[in-house]
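Residues per chain, in single letters:
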Amino acid sequence: MKLVTAVIKPFKLEEVKAALEAFGVHGLTVGEVSGHGRQKGHTEVYRGAEYTVDFVPKIRLDVVVGDDDAADVVDVIVKAAATGQIGDGKVWTTPVDDLVRVRTGERGPDAL
Amino acid sequence: MRRAELRTALSDLADEWLTEQLGDERDVALVAVGGYGRRELAPGSDLDVVLVHRGRADIKELADRIWYPIWDSGVSLDHSVRTVDEAVGVARADLKAMLGMVDVRHIAGDPELATSLRTQVLEAWRRDARKRLPEMHAAVDERAQKHGELAFLLEPDLKESRGGLRDVHAMAAVAAAWIADAPAAEVRDAATRLMDVRGELHRCSSRSGDRLVLQEQDAVAKALDGTDADALMRDVYDAARTIAFAADEMWRRVEAALRPPRRWRQRQPTRRPLADGVVEQDGEVVLARDAEPASDPVLVLRAAAAAAQAGLPLSRHTLDRLAVHSAPMPEPWPAAARDALLSLLGSGPDLVPVWEALDQLGIVVRLLPEWAAVRCHPQRNAVHRFTVDRHLVEAAVEASALTRRVRRPDLLLLGALFHDIGKGFPGDHTDAGVEVLPVIGTRLGLPPADVEMLVTLVRHHLLLPDTATRRDLDDPATIRLVADAVGDRTTLELLHALTIADARATGPAAWGDWKARLVDDLVARAAALLAGALVLDTRAPVDGLLDDAQLELARAGVLDVHVDGDRVTVVAPDRPGLLWRWAGVLALHRLQIRSATAASVDHVAVTVFDVSPRFGSMPDWSVVRADVRRTYDDASSLSSALAERDRAYARATTLEPAPPRVIWADDASESATVVEVRAHDSVGLLYRLTAALAEAGLDVQSARMSTLGAEVVDAFYVVGADGGLVEDPLQRQRIADLLIAACRPPS
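Chains as they are written, first to last, in our numbering: chain A, 1 to 112; chain B, 1001 to 1747.
The set of hints was computed from the structure by calculation and includes no laboratory data.
C-beta: ideal position from N, C-alpha, C; glycine also.
Just to be clear, a hint being listed does not mean it is correct.
Claimed, not checked - Have a look at the derived ranges for each label pair, beta carbon to beta carbon:
| id | chain 1 | residue 1 | chain 2 | residue 2 | range |
| --- | --- | --- | --- | --- | --- |
| 1 | A | Pro95 | B | Pro1659 | 52 to 58 Å |
| 2 | A | Ala22 | B | Val1383 | 46 to 52 Å |
| 3 | B | Asp1466 | A | Thr83 | 17 to 23 Å |
| 4 | B | Ile1740 | A | Arg60 | 40 to 46 Å |
Use the sequences and the hints to build the structure in full.
Below, the structure written as structure tokens:
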């Protein structure tokens, strides 16, 4: 199993969710996060005073999928989240050792 | 009545059964306490009983003989076995036991034992009340803290929440101690409604819990009167508010009753003026002796504003008098009514209890009939903390902290109060709001341009958060869309502040740093696009200000004061420091300056003030005129005279909702530096501000000040001693510090 994690622009959440559902992924965890990559925030002039936005608001998605699906799920997310602009985000995968469904105690891929 | 009879019948049934269990015994009695004592049993209630005896040796065996069959039957029993003295002792030591035993009632056995217990318990309660009531009040507060307010919770506890049945029992107990009156008819009625709901809840859930959980609400509503959960919760919230309001009122009475009596020297309560026709007495706001609600329709709003601004409650007697005798508000509202409403809305957290009191007496709905549609209107989703009406009031409270961010604090406060008014009407709430708002705005007597701006605020009150979280902020089209919808930066500023106030008033889930950053980003980008569209009134105040008659006066160039209604024009040969002199003289004569414009024509200074008397009637203008003449030459006594006057006013005890702010508007004028001060209004504010500018060595060329409710936005066009612009950052900082200090009344 793999944990696919994506950090994307907030307004892309609905599109990514729809694309994942169409692919057959039904469970996902969403969080409001802040950070920066190469984008490094930006400088704005607001009410006459310059201020620097160090961290940019983003959405973080976590979804656990079977090994065979991981690459496809990454592609689905990347395709749905892309605007071609700076700050589109990142997607990465991490191996998952074990997984338990709390309600039933099912383990491994059965619990997906 | 059917359900009240059911409760009595349940009690009777239990009585009969317990009488059988006791049988024919001497020197004992079974008595009911608590809800069972009051014959208010719900299907899932405990039977709360005491076996009272005259020291029988075999009492243990007798008790076992009675309790065991009850336990075996599955009825939940709360029991004790005591002699009368023991029972009274327990009651005196344990407040909860005392409150239960205040309602003691004979069920079976020796009636004299029951009577004796009842008499002694009530005697002890009355004797100890002075000592016990503070403890009881603390317990009530603690319970409210723990269980929240019934009137606003999605899943309230009908018994324990604030405004629940326990509060009614507490009121009855205080009445039993002869400290306050018995609960009024509307409170008893509200309690009956809650007990009806509680009974159906027990039946529908087959459990004894009193928490009205979401999943049971529809079933309970259907069983009660065939309606739905929305109607049920509206009714429950309404009952809870009636109870909570009456309970607060009662605890105030209790506190007053427990206060040590005045010494003979202080028999006469001190009355301190707060506003025209409104005074403070014993920590409450009451009407002045000469106040006439029947001929003064604005009095009710003035009293409410004064109470909220001072952080004091309106006395119950005053509320009743205002509710019954207030003259109907003329439509459109006079400016004084609008000002009082704004001052009320801008008072910060103290708005809530005052608004709640006005609402309880039906005053809010009489002034604003549309309010009826949102009263107690439930919002059954997890994001919202409050009913619609309370959310609107909370939004105004949040907005009052943001008034310094905007040029139009008045529109911000009104926008906050009405942004969700459409939720009480059918269809989409934004569309409904857009439709109903012109009706409200026109009734309030707002100018058409302001009504239009309010409609824009209501129409777009979800635009910023929706766009910020769902649209691509890097896409110029997104920013263009927001800029087009909003139109100018004044509206954008207002909408930004309204968005924050709305979200903060919704609940903790609706607002946080994350969302705030997205919205800030969107606003900054839209503001940049609208940079050219800043609606700031940059006309030098002299243009179009003076009419021909005033120009005529100016040309005469003689020191004089002209009064036309509430407009005062002072003409004088120009010299530095005139503005603070005039402002000081007007404040000295108890005049509130609503707006002021100062300009200079050919070395003659013309200052136009719109004033209203702070208390009662206009001053004797011949005296004002004489003071103006004297002050023109010698202003040395002005400041001490003002300080003297100041001491006579009741000091507002609460913190102001938002700290004052000084803004340099560099794009506003080329010939003068424009400094804008946004602050909370106070006695003599304009005098102190202009005196501070004089102290900083600045010459005020012209000024434009407006009071919007209790908030003030003043723009001063100043030049330095050398006649040049004020640009040095250090000098600006010093001036800003002086102005900020001047915003606070001298203590």
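Each hint tested on the structure:
1. A/Pro95 - B/Pro1659: 52 to 58 Å: holds (54 Å)
2. A/Ala22 - B/Val1383: 46 to 52 Å: violated (28 Å)
3. B/Asp1466 - A/Thr83: 17 to 23 Å: The hint (17 to 23 Å, Cβ to Cβ) holds, given that aspartate 1466 of chain B and threonine 83 of chain A are roughly 19 Å apart.
4. B/Ile1740 - A/Arg60: 40 to 46 Å: Between isoleucine 1740 of chain B and arginine 60 of chain A, where Cβ atoms are some 42 Å apart, the hint holds.
In the structure shown, a violation is registered for the earlier hint numbered 2 alone.
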